[in-house]
Amino acid sequence: MSDDPADAPAAPQEQPRKGTAHPIVTYGTPVLHRRCAEVTSFDEELRTLVEDMFASMAAAEGVGLAANQIGVDARVFVVDCPDETGEHVVAHIVNPVLKLPRGLRRTLDRDDEGCLSVPGEYAELARPARAEVTGTDVDGRPVRIVGTGLLARCLQHEVDHLDGLVYVDRLDARTRADVLTAAGLGEHLGAGRDAGSRS
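The sequence shown lines up with residues 1 to 199 when you count with the UniProt record's numbering.
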């Protein structure tokens with residue numbers, strides 16, 4: 001097997017794990033608004049983190065969860081999400097690198113998006129309809145996930161989290177204020193990074 005991420009196998013379907021569910025931190029919590037640290041130790045602590053993330057995501061009824069959403073400064077996310085064909089992907093990825101189509105290959109999907117860290121609220125956001133993420137699993141083995149539909153949106157959303165962005169940071173200022181106020185987080189309007197509406 002090559003070390004080239006493009007040659008990495010597709011992410012295997014995860015087996016059910018036993019982990020501890022943690023509370024989801026909300027918009028305005030500092031760990032959500034800065035780039036997360038690269039993972040350098042592939043050990044039992046990392047394995048436990050991933051198990052706890054799956055448990056936390058399930059308890060919150062989410063389709064994806066980044067480590068900083070449970071207060072951990074580490075570049076790791078988990079997904080339990082269908083793609084546009086209905087195929088369900090259940091996987092984790094460590095130190096993900098996002099690749100999006102460019103030029104004529106790039107089509108945008110405009111749809112409602114929500115976030116466990118901005119509970120109960122959704123806003124329309126355009127994102128590329130296809131996304132690819134490469135990284136490793138908890139044992140350091142190469143992993144590649146290619147997503148379309150909701151899975152593509154989820155992959156981009158989770159990598160944004162690890163880069164210190166919450167989806168509302170990609171909205172125009174007025175829509176962001178409306179969403180945060182409706183979620184009871186209006187006092188944190190200045191907490192995020194202004195990403196505008198770029199994708």
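Since the hints were derived computationally from the structure, they do not count as laboratory data.
Mixed in with the good hints, there may be bad ones.
To be verified - Each pair of labels, with its calculated beta carbon distance range: (1) 18 <-> 139: 17 to 27 Å; (2) 41 <-> 97: 14 to 24 Å; (3) 35 <-> 175: 23 to 33 Å; (4) 141 <-> 177: 42 to 52 Å; (5) 21 <-> 104: 37 to 47 Å; (6) 71 <-> 42: 33 to 43 Å; (7) 99 <-> 37: 20 to 30 Å.
Claimed, not checked - As a list, the in silico SDA-like pairs of lysine to any residue whose alpha-carbon atoms are at most 25 Å apart: (8) 99 <-> 129; (9) 99 <-> 112; (10) 99 <-> 126; (11) 18 <-> 58; (12) 18 <-> 72; (13) 18 <-> 129; (14) 99 <-> 31; (15) 18 <-> 55; (16) 99 <-> 138; (17) 99 <-> 84; (18) 99 <-> 87; (19) 99 <-> 163; (20) 99 <-> 45; (21) 99 <-> 174; (22) 99 <-> 160; (23) 18 <-> 41; (24) 99 <-> 169; (25) 18 <-> 35; (26) 99 <-> 146; (27) 18 <-> 33; (28) 99 <-> 63; (29) 99 <-> 137; (30) 18 <-> 60; (31) 99 <-> 181; (32) 99 <-> 59; (33) 18 <-> 40; (34) 18 <-> 138; (35) 18 <-> 63; (36) 99 <-> 144; (37) 99 <-> 40; (38) 99 <-> 123.
In this text, a Cβ means the ideal position worked out from N, Cα and C, and glycines have one as well.
Hint check results:
no. : hint                    : in the structure
1   : 18 <-> 139: 17 to 27 Å  : 18 Å, holds
2   : 41 <-> 97: 14 to 24 Å   : 19 Å, holds
3   : 35 <-> 175: 23 to 33 Å  : 24 Å, holds
4   : 141 <-> 177: 42 to 52 Å : 43 Å, holds
5   : 21 <-> 104: 37 to 47 Å  : 44 Å, holds
6   : 71 <-> 42: 33 to 43 Å   : 21 Å, violated
7   : 99 <-> 37: 20 to 30 Å   : 21 Å, holds
8   : 99 <-> 129              : 12 Å, holds
9   : 99 <-> 112              : 22 Å, holds
10  : 99 <-> 126              : 16 Å, holds
11  : 18 <-> 58               : 11 Å, holds
12  : 18 <-> 72               : 19 Å, holds
13  : 18 <-> 129              : 33 Å, violated
14  : 99 <-> 31               : 24 Å, holds
15  : 18 <-> 55               : 7 Å, holds
16  : 99 <-> 138              : 21 Å, holds
17  : 99 <-> 84               : 18 Å, holds
18  : 99 <-> 87               : 21 Å, holds
19  : 99 <-> 163              : 14 Å, holds
20  : 99 <-> 45               : 28 Å, violated
21  : 99 <-> 174              : 29 Å, violated
22  : 99 <-> 160              : 12 Å, holds
23  : 18 <-> 41               : 21 Å, holds
24  : 99 <-> 169              : 20 Å, holds
25  : 18 <-> 35               : 28 Å, violated
26  : 99 <-> 146              : 9 Å, holds
27  : 18 <-> 33               : 29 Å, violated
28  : 99 <-> 63               : 20 Å, holds
29  : 99 <-> 137              : 18 Å, holds
30  : 18 <-> 60               : 15 Å, holds
31  : 99 <-> 181              : 33 Å, violated
32  : 99 <-> 59               : 30 Å, violated
33  : 18 <-> 40               : 24 Å, holds
34  : 18 <-> 138              : 15 Å, holds
35  : 18 <-> 63               : 18 Å, holds
36  : 99 <-> 144              : 11 Å, holds
37  : 99 <-> 40               : 22 Å, holds
38  : 99 <-> 123              : 24 Å, holds
Hint violations for this structure: numbers 6, 13, 20, 21, 25, 27, 31 and 32, all remaining hints satisfied.
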